[in-house]
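Trainee: Start from the sequences, fold in the hints, and give me the full structure.
First to last, the sequence lines map onto chains A and B. Counted from 1, the first sequence has number 56 at position 56 by this note's numbering; the numbering is strictly sequential. Counted from 1, the second sequence has number 43 at position 43 by this note's numbering; the numbering is strictly sequential.
No wet-lab data here; the hints were simulated from the structure. All the pointers check out, no bait thrown in.
According to the in silico footprint, chain A covers these stretches of chain B (three or more CB under 8 angstroms from chain A):
| hint | region |
| --- | --- |
| 1 | 189 to 203 |
| 2 | 246 to 253 |
With a Cα cut of at most 30 angstroms, we get these calculated DSS-like pairs of lysine-lysine:
| hint | chain 1 | residue 1 | chain 2 | residue 2 |
| --- | --- | --- | --- | --- |
| 3 | B | Lys221 | A | Lys177 |
| 4 | A | Lys177 | B | Lys262 |
| 5 | A | Lys123 | A | Lys377 |
| 6 | B | Lys257 | A | Lys135 |
| 7 | A | Lys369 | B | Lys257 |
| 8 | A | Lys369 | B | Lys221 |
| 9 | A | Lys177 | B | Lys257 |
| 10 | A | Lys302 | A | Lys253 |
Here a beta-carbon is modelled for each residue, glycine too, at the ideal position from N, C-alpha and C.
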Amino acid sequence: MTKSRTAYINARLLDPESGLDTPGALLTEGAFITDLDANLFADGVPEGIETVDCGGHCLAPGLVDMHVHLREPGHEHKETIASGGLSALAGGVTSICSMPNTDPVIDNVGLIEFIHRRAREAKGAKVFPFAAATKGLGGKQITEFGMLAEAGAVAFTDDGLPIANSQVMRRALSYAKTFDLLISQHAEDLSLSSCGCMAEGEVATRLGLDGIPEISETVIVERDIRLVELTEGRYHVAHISTKDAVDCVRRAKARGLRVTCEAAPHHFSLTDHDVGDYRTFAKMAPPLRSDANREAIVEGLKDGTIDAIATDHAPHDQESKRLPMAHAANGIVGLETLLPLSLELYHRGHMPLLDVLRRLTVAPADLLKLPVGRLRKGAPADLLLFDLDKPWVVETAKFRSMSKNSPFNGRPVQGRALRTIVDGRTLFTADN
Amino acid sequence: MQSQSRSKALAERDILGIEGLSPDEVNTILDLSESYVALNRNAQKKSDVLRGRTLILLFFETSTRTRTSFELAGKRLGADVINISVASSAIKKGETLIDTAMTLNAMHPDVIVVRHPDAGAVRLLANHVNCAVINAGDGSHEHPTQALLDALTIRQNKGRLDGLRITICGDILHSRVARSNILLLTMMGSQVRLVAPPTLVPPAIERLGAEVFHDMREGLKDCDIIMMLRLQAERMQGTFVPSTREYFRYFGLDEAKLSVAKPDALILHPGPMNRGVEIDSIVADDITRSAILIQVELGLAVRQACLDLLGREPVMP
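Mentor: Here it is as structure tokens:
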């Protein structure tokens, strides 16, 4: 059986790994990219090769989202591995990393295999599971890092909860070094966050809501960086949200420590003012913060302190959100707004296009040692064809995700996925 | 049997650790031990070099092989041997270590062998008695007679103690055996490697002259001697290592990992073994590779030699 071959012609090839930005064409054979060049197929596409005319649009590596809550197993009414995978494809995302805070918690080899099997059956985006760093997210006993990594866990986190105990964090970083594995931290001192439900500050005070202080993030990041220095471990700050924490990471990197971080689109797009009149769809952890913090996230993305953009896609049903602010669930869906919100960084002149794409593709892939996220001969044919400029308005009702909890409903945005290709096969095509 | 000329440290009548012994003293002890190995294989095993001397075994931790080994050593040398275990001692009644030491001292023993869960406790006790003291293990600090018997096992098998590549695997952090062995083997001119997950390696251990590996195959590559350490059950479910099965998979000695060592590499284990945790049963029972029972035999001879060297001259009040 010959492998199916597809030629993507008349494309603007964008590869952040190599810095390539040129009109040209790309060839896939089976599940892999086998050629790409400005002059490829200049004399026409040979017989027997399927042709996709990209119409001059951008052909980039499919996006890699390293922070996604798929809710399966346990909360399949909010999202499943299949529905999350389709939501990803609609957003141009070809690889997603699932978080382990499901029910049951992903803390053993059997459950990693379960996620892989479900993802295979779903035929959506590729799923690379994170495993829990401690058993049952209990914060006490570390999980079987070696065996879980062999089974396919790409990193370890107690996301949703911080690893609060300093001794456990030290040992986790230290033990992970055995296998050179990444520990991702939900950096929040819960004793400082207390019963807060939005960022501490003027808005919270006016609304009469308990605030979550910036220091609750900073104090954990500061502590963890000290532990990284001691253990020489690999450490990643999930959904970084404060200026001070970004500064900590910047200094740690300057000192050569293996510290990285990611930011979510809402933290560089929105502020605590968007909580407005108790909008629970704008409630998440960490919370939307002041504009100074939002600007610091943009700065961190510009100078490379923030390595990756990741959604923290957190589906919730209506019932979990139609509650008083203090009782509403944390989190928003993000997979289908990731691309246009990230492209705002380009359209507003903050960052070159390839830099934005780097934080969405090869940067997170490299952190997790994945071969995806690049246009290179021999790399997996995970591709995103997108219209860079197309204006549209976010309509949450049209989301493929089972949950619609997004504060971006009605937002005019620019840039949209046209076609999403995984392992050489087109799995999503935009309606028009 | 005549002991060799007394060196200074031995003349001070204590063996508190490998630290403080010279290479000459180590050789003196090992040479004398060889003659006891021979004696122990005779039908008539008894000697009378310590006749009239009193040996007290003071164990604040449970022990089978070390306590039995010292007791038998003392008896074969003709000494009167008294056993005091913590369960039945006045320690349970609140007596301090120093009071215990002074009480025993007043009975004029010639040698006291002490095991204690706290590092430094044996030295503290030794400072308050007139007789010789042998450290049978203090916390995670030292266990000198174990290192000496390991050295004798290696010397008998390899013919020397220098120029060898020796890999110590397991819970280095909590191991007094590891510390004594690192000190002894590097002093004698061998290269010591350590294999453990980073959580079980004490900080700055490389300053003792050992090289640290976290990948067992790398650490075992081309080594002459493999020393396995026991992973204590209470440390297996927690933050040091996640589980027994993961520990065995990456740090347990099995035939696959053993295959990267030299073909004639010898396996040592201080006991007691946890089969299926740090060592595979097939490997442990392979008498062509495993010296585990030889170590027990030689341990008795080493303890006889130590008691002989320290106890032969009576303590003058």
